[in-house]
Amino acid sequence: LGSISWVLITMFGQIHIRHRGQTEDHEHHHLRPANRNDFLNTSKVILVELSKSIRVFCIIFGESEDKSYWAVLKETWTKHCDKAELYNTKNDNLFNIESNDRWVQMRTTYKYVFEKYGDNYNWFFLALPTTFAVIENLKYLLFTRDASQPFYLGHTVVSGDLEYVTVEGGIVLSTESMKRLNRLLNNSETCADQSVIWKLSEDKQLAICLKYAGVHAENAEDYEGRDVFNTKPIAQLIEEALSNNPQQVVEGCCSDLAVTFNGLTPQKMEVMMYGLYRLRAFGHYFNDTLVFLPPVGSEND
Amino acid sequence: MSEIHFREMASKSWLNFLTFLCGSAIGFLLCSQLFSILLGEQGDIQPNVLHNDPHARHSDDNGQNHLEGEMNFNADSSQHKDENTDIAENLYQKVKILCWVMTGPQNLEKKAKHVKATWAQRCNKVLFMSSEENKDFPAVGLKTKEGRDQLYWKTIKAFQYVHEHYLEDADWFLKADDDTYVILDNLRWLLSKYDPEEPIYFGRRFKPYVKQGYMSGGAGYVLSKEALKRFVDAFKTDKCTHSSSIEDLALGRCMEIINVEAGDSRDTTGKETFHPFVPEHHLIKGYLPRTFWYWNYNYYPPVEGPGCCSDLAVSFHYVDSTTMYELEYLVYHLRPYGYLYRYQPTLPEDILKEISQANKKEDTKVKLGNP
Chain A
1 LGSISWVLIT MFGQIHIRHR GQTEDHEHHH LRPANRNDFL NTSKVILVEL
51 SKSIRVFCII FGESEDKSYW AVLKETWTKH CDKAELYNTK NDNLFNIESN
101 DRWVQMRTTY KYVFEKYGDN YNWFFLALPT TFAVIENLKY LLFTRDASQP
151 FYLGHTVVSG DLEYVTVEGG IVLSTESMKR LNRLLNNSET CADQSVIWKL
201 SEDKQLAICL KYAGVHAENA EDYEGRDVFN TKPIAQLIEE ALSNNPQQVV
251 EGCCSDLAVT FNGLTPQKME VMMYGLYRLR AFGHYFNDTL VFLPPVGSEN
301 D
Chain B
1 MSEIHFREMA SKSWLNFLTF LCGSAIGFLL CSQLFSILLG EQGDIQPNVL
51 HNDPHARHSD DNGQNHLEGE MNFNADSSQH KDENTDIAEN LYQKVKILCW
101 VMTGPQNLEK KAKHVKATWA QRCNKVLFMS SEENKDFPAV GLKTKEGRDQ
151 LYWKTIKAFQ YVHEHYLEDA DWFLKADDDT YVILDNLRWL LSKYDPEEPI
201 YFGRRFKPYV KQGYMSGGAG YVLSKEALKR FVDAFKTDKC THSSSIEDLA
251 LGRCMEIINV EAGDSRDTTG KETFHPFVPE HHLIKGYLPR TFWYWNYNYY
301 PPVEGPGCCS DLAVSFHYVD STTMYELEYL VYHLRPYGYL YRYQPTLPED
351 ILKEISQANK KEDTKVKLGN P
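Listed in order, the protein sequences are those of chains A and B. Heads up: the first sequence begins at 1 in full-length UniProt numbering, then just goes up one per residue. Heads up: the second sequence begins at 1 in full-length UniProt numbering, then just goes up one per residue.
Honestly, the hints are just simulated from the structure, not real lab data. A hint or two may mislead.
What the hints assert, rightly or not - Simulated coverage check for chain A against chain B, where a stretch passes if three residues somewhere in it have a Cβ under 8 Å from a Cβ of chain B:
hint : segment
1    : 136-142
2    : 169-181
3    : 238-249
4    : 274-286
5    : 289-297
Keep in mind it's a predicted model, so treat the numbers as computed, not measured. Where is the CB? At the ideal position from N, CA and C, for every residue including glycine.
Looking at chain B on its own, in the form it has when it is part of the complex (with noise of 0.2 Å):
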């Protein structure tokens, strides 16, 4: 009677052991394909951003890069006790510039405060324009909506509030978007070789629509003193419309209306400073496809790979808040110990003079090796 009982055991036993490998089969599967799909997710978290449409503005951010916490590179000076910054320091006093930088209140803490963690506080004086206040920001509140169809007038007005309150504090003004890095010092070699009491301002310039070119509005732009003058005038005696929404055209249009100059931005061997995009989408080939409008619009000819960048650039533009800390390392810590850097330019002759001048008096040397 054992004997049968056993046997029945025996094959229900296996019938169990059969259901248990099913079940853990299936587990197993399912285990795994969740698995590689959170992994892959860790994989490349590169958004495309590459709009089709040169004024296509930022989609709504849906908070997948959005970065808690900040960091500051600058709080280790140490690292810096053999760095000479004579230069970029008399610089600082002799270009003296405004940034204001394009946010909105729903942007403060997920772009605009990176922006003030790195690249704002080398300006002269930085302020954020949204369209409502914010004291504890700090922010300017335009009293506008937000939204694309606003951008123009939220620059007009930005314009007009840094006419109203901040124009003897700065020579030139610089626009910039919330994820636009900005090197300060960078821009203000470029503009040590203009007066700020000529009409002209600077950008990646675009050859299309307008006959001198208009400025990348993502890329940043920064207009002269007697610029920011004549735009401000030119919606008082109505010279230029104020409405449009394609904010960087517009602007454009009103400075050829008005004879402020488009300048040349580039460096002394021809390659652009003002970026639209990140530098990898400059510097690897056949990154941007042919049929981008990119190549299009450029008012010089376009370049792909190394040529496409100054070392002394400007600007990049589509920055996420990762990225914006990784260029601030790139550009202000991170070095080759002891390299001779190819490219070797240098400040106007009276700039030079002046400098060494007020170094003399001080007795101390102005260093220019390894720069």
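This is chain A alone, in the form it adopts within the complex (with noise of 0.2 Å):
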């Protein structure tokens, strides 16, 4: 299976990493979708195999002071990745560190995702309790690349010379880079705590610790340019759509193929399960080059 899909990675591969407004010393780096018509020719046998072969894992990292998120978590979105795991940093026996402190309880995380299930998956994502992925979206984002490349995307924001992923977007890690992100945790002390005036966010943490390993944040669009991974809920972005232009008519706020929306209540997500997995207009139908059945055993989507 996995030979299969790594010799069509390779036959058809032609990854397109545009390079847009270089500023002074910056270099932006985005990704995009791969193109239909490479696959027009490719059989449905071979499709439903590539779409099985792109399998993300996810990891659900944070606090939450209402409970109920972490079950409705299990019961929406989760049920679309090939596995997912929660942890709950309040947790006082997360892998037992005694530590408040979210870029050791983020380190401690990833390695130990890596080091159980780092054979088993080839794209691990992180994200926050409040945030809802479209998993289906996020495979057909990634279905052309390789994941023995380094890959780190998501919804990325420069910070002085830093581009990093922002963690309210939620965060892609290809197989590589969880390989190169572990050897440096395991071995050297570069990835310990950079802050040095006040306390720099964990997803600023990371960036910098897997930019000694050489892999560099992307960000996700899609064929338009658009983000992909949202920060904020789709009624604010909205609302910050129209506010920003109160005497026009503004094109769509959002994405057809969007991964993540963040800033949900448990109550949200439960309604985007039907909004997206089931609402939709008859008679509109796409010729899709992936498959994805719905999850066994489930009745919201």
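Both chains come to you apart, so use the hints to assemble them.
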């Protein structure tokens, strides 16, 4: 299975990473989905196998005052991950580390996940408990990418010299990135706390650490250059777009193939399941390259 | 001398220092209060629209959720170049629906505008019905007053207007509010099984007061051409009364008198398609309290949770402006790539045949994969 997909990926893989707007000494990295026309002549059987070959491990990482989040996450979008583990950082027994330092918690979590699951999955997606992710769209974004290359994707922000993936939008790491990260975490002090004056957030710390390993952040986008990892909920994105241009008709706020939205309540997650996996307009069909089946034994998708 | 002076100065400056501290402490407290109030407001702007009375009309808009501007999700058609809409387009021609939206002068810019920017574009013909004419919007002037007690009168006049000017332009006639979101493609699927020459109407069926039930006004209801003819005729011949403060109930009573059948709008799995509330109110178990009127009004056994709502829902009500755009995005744009939906409804045999014959003529294949 792995060899079939590897052959296909090397056959079809034409990765375009455009470097847009080189401001001074920065390079902004962007990553967009594959072109459907590359696959027009591929047989259905191979496409189904290709869909199965992208294995995503989901890490839900964070703390939440609202305990109902954890139950709702298990019952909603995380069912679409190949495997999902929820790590409540408020839990004192989290990996037996006694630390409230988020970067320490994050490093320990990544290390644990890689050691236990690194062999069986090729993509590792970390999200906050308030994030809703569309795993099918994540897989579509990733499927022509070679996981043995160092990918580090999400919604990026530039802070001085550092381009990093914000944790609010969700962080995607390929197997190779996880390998390099774990090598650093095992062997050196390079990934210790980099805070100087005030505390650096854990997503920045991760970016600094990965940079040492030669892994750079890329902003994930759709064909039109729109962000697919969103740090806010849909309603807020709509309201912001409209309030910024009150006299005009603005174009749609969000991508059709969005991967994440953040800032959802547990109730809004249940509504998203219906709005995304069920509610639709009759008579509109898509000839998609990948095929994903609904999860077994569930009724909200 | 200077020493004493110094000590005096020292104690004075201590006092000044203390005063300064107190002042800044008070200032800090005031600021934090202010901030928490401001931030608290930004929290969840969820207007609680649970009306105790099913016929309660919308409270006067105090401009709280007034959305300036408009969003056009369809401006970017390049995201949809892989989309096959042959069947939707065929149904658009086959099942012609005229929509009229109940609104008023106060609400044209606040609410009706967002209806116009979203779902109204998919009607074969749309009319905005107001008490006064507005040539710019445009809105039809029914020459009535505004207000809760005028609703039925506006409804009668609106249907009369439609009957007079547009009877032959459509097969079905939909009434919706300016806070109803309607998915026209799904309404066409529902109506494709029926003949517009039959006297029938559809909506969210309620059971009290009327033997065959009546349709909720806010969730929207749709009349067949024959039903419209009979309704308009009923007022000419005084079969139905003109005055009532409860629009949907009065219409339902009239329908029963003139032998227009109250149809079953549920999908093939028995799930409701017309909804009197937004999706969240139906999907979240326990959202609508057990004592709420809704549980006793629904004609069919009411369901909360995922079974509440059809995949091919037709309408939602009490939809604010932001939610109009959110629904537009969720229904027509955001999708899980490659996902094989569980519910796979089909069209009636005769329409399927017609469509495939029409497409054979054009020499294109109708792809029914991944609907």
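Here is what the structure says about each hint:
1. 136-142: holds (count 4)
2. 169-181: The restraint on the segment 169-181 of chain A is violated, since only 0 of its residues have a Cβ under 8 Å from chain B and three are required.
3. 238-249: holds (count 10)
4. 274-286: holds (count 13)
5. 289-297: holds (count 6)
Taken one by one, the earlier hints fail for this structure only at number 2.
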